[in-house]
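Based on these hints, arrange chains V, E and B on the given structure of chain H.
There are 4 protein chains.
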Amino acid sequence: MNHNTNTRARLLISCLDQPGIVSAVSTFLHQYKANIVQSDQYSTDPSGGMFFMRIEFDLFEDGYEFSLIRTAFTDVAKSFNMDWRMELASRRKKMAIFVSKEDHCLFELLWKWRAKEIDVEIPLVISNHPNLKEQVEAYGLTFIHIPVTKSTKKEAEQKAVELLHEHNIDFIVLARYMQILSPDFVGTFPKRIINIHHSFLPAFIGANPYAKAFERGVKLIGATAHYVTNDLDEGPIIEQDILRVNHRYTTEQLKVAGRNVERIALARAVTWHINDQIIVHGNKTVVF
Amino acid sequence: MNHNTNTRARLLISCLDQPGIVSAVSTFLHQYKANIVQSDQYSTDPSGGMFFMRIEFDLFEDGYEFSLIRTAFTDVAKSFNMDWRMELASRRKKMAIFVSKEDHCLFELLWKWRAKEIDVEIPLVISNHPNLKEQVEAYGLTFIHIPVTKSTKKEAEQKAVELLHEHNIDFIVLARYMQILSPDFVGTFPKRIINIHHSFLPAFIGANPYAKAFERGVKLIGATAHYVTNDLDEGPIIEQDILRVNHRYTTEQLKVAGRNVERIALARAVTWHINDQIIVHGNKTVVF
Amino acid sequence: MNHNTNTRARLLISCLDQPGIVSAVSTFLHQYKANIVQSDQYSTDPSGGMFFMRIEFDLFEDGYEFSLIRTAFTDVAKSFNMDWRMELASRRKKMAIFVSKEDHCLFELLWKWRAKEIDVEIPLVISNHPNLKEQVEAYGLTFIHIPVTKSTKKEAEQKAVELLHEHNIDFIVLARYMQILSPDFVGTFPKRIINIHHSFLPAFIGANPYAKAFERGVKLIGATAHYVTNDLDEGPIIEQDILRVNHRYTTEQLKVAGRNVERIALARAVTWHINDQIIVHGNKTVVF
Amino acid sequence: MNHNTNTRARLLISCLDQPGIVSAVSTFLHQYKANIVQSDQYSTDPSGGMFFMRIEFDLFEDGYEFSLIRTAFTDVAKSFNMDWRMELASRRKKMAIFVSKEDHCLFELLWKWRAKEIDVEIPLVISNHPNLKEQVEAYGLTFIHIPVTKSTKKEAEQKAVELLHEHNIDFIVLARYMQILSPDFVGTFPKRIINIHHSFLPAFIGANPYAKAFERGVKLIGATAHYVTNDLDEGPIIEQDILRVNHRYTTEQLKVAGRNVERIALARAVTWHINDQIIVHGNKTVVF
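So the protein sequences, as listed, match chains H, V, E and B.
Under numbering that gives the first Met the number 0, the first residue of the first sequence carries the number 0, and numbering increases by one thereafter.
Under numbering that gives the first Met the number 0, the first residue of the second sequence carries the number 0, and numbering increases by one thereafter.
Under numbering that gives the first Met the number 0, the first residue of the third sequence carries the number 0, and numbering increases by one thereafter.
Under numbering that gives the first Met the number 0, the first residue of the fourth sequence carries the number 0, and numbering increases by one thereafter.
Okay, chain H solo, but in the shape it has when bound:
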């Protein structure tokens, strides 16, 4: 019997709500000698809506390996017509970071990665500018400069996709990447691209949100981490946070203050994604 975290796994389920799901899943795990250590569920409407569940469980190694359990679960999943995935907590996801010139979100992630607060592999940092090359390489990471102009955008994205596939990237973080990705690119990584928008969405969609916030005279500024879809700044929101400001803040000072809230909101969203805490349903997220 072995309870160490190498043998911890996570199961995420979405399906139509119906009686007996929890019982079937927990009985299955019990039969396979797995011990449930955490469990969360959410029903949009107990009388016939959607059902979402996240279970964290510890495996017992003698004869009940992860692959065996995952294969066996297929039958349970079928009987409830589940959309599901089961992941070993110990498998480190491969995260690519896209960045432009603003470095605060990038370095928040890298600092947390070095401190092991964000437990991933980072095979690639991709930028449309060369500026941050040296600093990224100082972390022992690979920095790829892929310039983007109007005319080269298509090839630039193709080159990025090739690199991402080559390194088996699990998900992408846009850490203040100031290029709009094409539908083709977004479609290649559905629900796997996390962006940080520098406003409290849906306020101030699009460019220059701090200038717009200054203009409107808001008393709080915000940041929104969301999955990227083809509707600009309209994808499923993962996390939002805000900061109090006042009439004294210039647009420039709003930008500086906003950096703190951007990096905090993004780091939380990335952490939740890594820990398989997020289920996307329609244009919303369930964060367990």
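Please keep in mind that the hints were generated in silico from the structure rather than gathered at the bench.
Here the structure is a predicted model, which is why all the values come from computation and not from measurement.
Honestly, I wouldn't trust all of these hints.
The list treats identical chains as one, so a pair stands whether inside a single copy or across any two.
Calculated lysine to any residue pairs in the SDA-like style (CA-CA distance at most 20 Å, straight line) [stated by the list, open to error]: (1) Lys158 / Met49; (2) Lys100 / Lys115; (3) Lys211 / Gly281; (4) Lys283 / Leu253; (5) Lys77 / His29; (6) Lys283 / Pro129; (7) Lys211 / Leu231.
Structure of chains V, E and B alone, referenced to chain H:
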């Protein structure tokens, strides 16, 4: 010499920024035996922008009354072409409250009024519904029911204006009053109507913000207290606050949670207005 | 089949962590035709610590009544040596409020009660002062004045206990009740007395926390809702919240500002208690 | 005439409250062609308490240099018996950082320094451990390893003091430096050493605050930036902030979460110190 709060006064100034303003004002007050107890200022741009100032000072009674000082200040004000007002802190403003059926903002204000946290007179509570009559009268206040329909809206507003004038109302608080006021009405009380909008403006302008927030899947909900202008939900923002929510909240639960943040934001805005802490400039507020 | 909330129930469990609990409980509920609508669990340490669980489920009425299920669950509970309780969500708890002269926490609860945000019966409001009698009675509630002096404290408490028993009180809220309860009294209602302490415990234990906060020059003030034990201000913490202050606040202004955070923290704690969301373990709370 | 920030200056004043201070100071500045761009004041008690003021002003260069004005101000200061200082905003203060092994506060400061959010010189980073040498040097900074043991503590501090004097250090930041400084050392830099304590003081004074917070079951954890005095964790508080936690957090997870609030509180305190926004009075701070 008497330092009690009966003799405290406040001076608010807006003018073009230029050298010597602070010196002129503070020297004037010193000559008139007034003692500055608090002073705040703000320049949009020290090289030729706008200058705003709020000074709180104590009067000395022997020979230097408030009316004398206020009259004498006219000369200083002229020389800098100031927009200004001087108020005795002891003069209790007359506040009218407009309400519909939702009572949480109303009772927040009434409770703080009874606790002397909000130091005003409340000559009138006006509602387009009769529901809250008994509860308001239990506070010893006058409740006026003025029904509003499409066809009677004009007369209803006229009746309200007459009552407001009759009672020398200083300002109006729309404590979840669910009627849009006409430009005529708004124009009669410029910068003197405070509304609470149940969203983090400029997100979710207009009707049903909680339903829109639910639909969008936001992770924070907000409320915005602002002065009313003729552009719906576009007036100068006084205060905003937010509350964390998650995927479990139904539209109805967002509404219930939102009440807490609405009443807090509104009460703060009203307090600042009462204490002469707000200067409106263009579509923004300076809150000292 | 009836999914209305009259038939919603809650099950709370504490026991030693061991394999098979979730499976046993969820299978039991499934057999009894109950549909789990929410489920939370927490293990202090998956390798042999404590296990806590809260399940919300809907009952099907035809032949599977609540009392039947509760009786039948005894066998499951025994096999895991559980400490447990099962409650119908529709049963309104009976809450007594104790208050002295400060009324902000009292009226926060009464307002939320009238707005049906706090869904309880309030058979009694007890006070050691007569001041709030009229206002409480205006809510249609019973106000009992039980004066307390050093020499009459014992009889005063006895009288209160009698009244509380007579009205089958489920729990007591000390809404700024400025008397220390005797061990006898506290022992009569274990884990069933909620107090609001006007500081961020464990800072500023005991009397006059705002004066102490002023003295220390803190930049945030707080409030703590906790279950009452015989160690003054040392009982299990349910909820805490804070408010930003600065050097300008006098002790009196700290008190006024603090009222807002006291009533918010207390109202949350009371809501969670009513919804059976709290399990007390040792000197801590698990809040689901 | 030159309004650029090279010629901006700041004046900080503490003295007994008395009539005419603001007038005298603002008239003085006006005579010397200085333009007040911001002004804050605070009186502990307008009838004879302490008066504190901070003025930001722009200098006009032709004939009215900073040193001239500073010298001339001596007369004004004398007449009110002021404790005062006048500083050019353009003079970059020299900050030394002390650190042990935990690097999150250090790198927060260094990242903000590189981003020019914290505008200082950092002549020295001193540590009692060698671990962070390489990473600090990657920023182009000098890292000095001064080991400290019980028997060598005195010499270690002497060595540090020599280095600090040699580099004309203005102030010291203890960025999670896990050594208690001697009264001699503290006395050498009065009101010039900023520490970050990893709790919401005065809760959890001393060692292992997160373990104590876990034990007590608090629902919020905090951090406190304060000036160092010889009473452990009792010096004047500059800034505090908190983070919501729950029963699921282990002591280790409290530590990880706490890092975020520690670095935010410390960075704010350092920023305010750099901008001459803090006046220490007794054991409290006035933060303008």
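Checked hints:
{"no.": "1", "hint": "Lys158 / Met49", "in the structure": "neither (39 Å within a copy, 52 Å between copies)"}
{"no.": "2", "hint": "Lys100 / Lys115", "in the structure": "between (25 Å within a copy, 15 Å between copies)"}
{"no.": "3", "hint": "Lys211 / Gly281", "in the structure": "between (29 Å within a copy, 15 Å between copies)"}
{"no.": "4", "hint": "Lys283 / Leu253", "in the structure": "between (28 Å within a copy, 15 Å between copies)"}
{"no.": "5", "hint": "Lys77 / His29", "in the structure": "both (19 Å within a copy, 19 Å between copies)"}
{"no.": "6", "hint": "Lys283 / Pro129", "in the structure": "neither (35 Å within a copy, 40 Å between copies)"}
{"no.": "7", "hint": "Lys211 / Leu231", "in the structure": "both (17 Å within a copy, 18 Å between copies)"}
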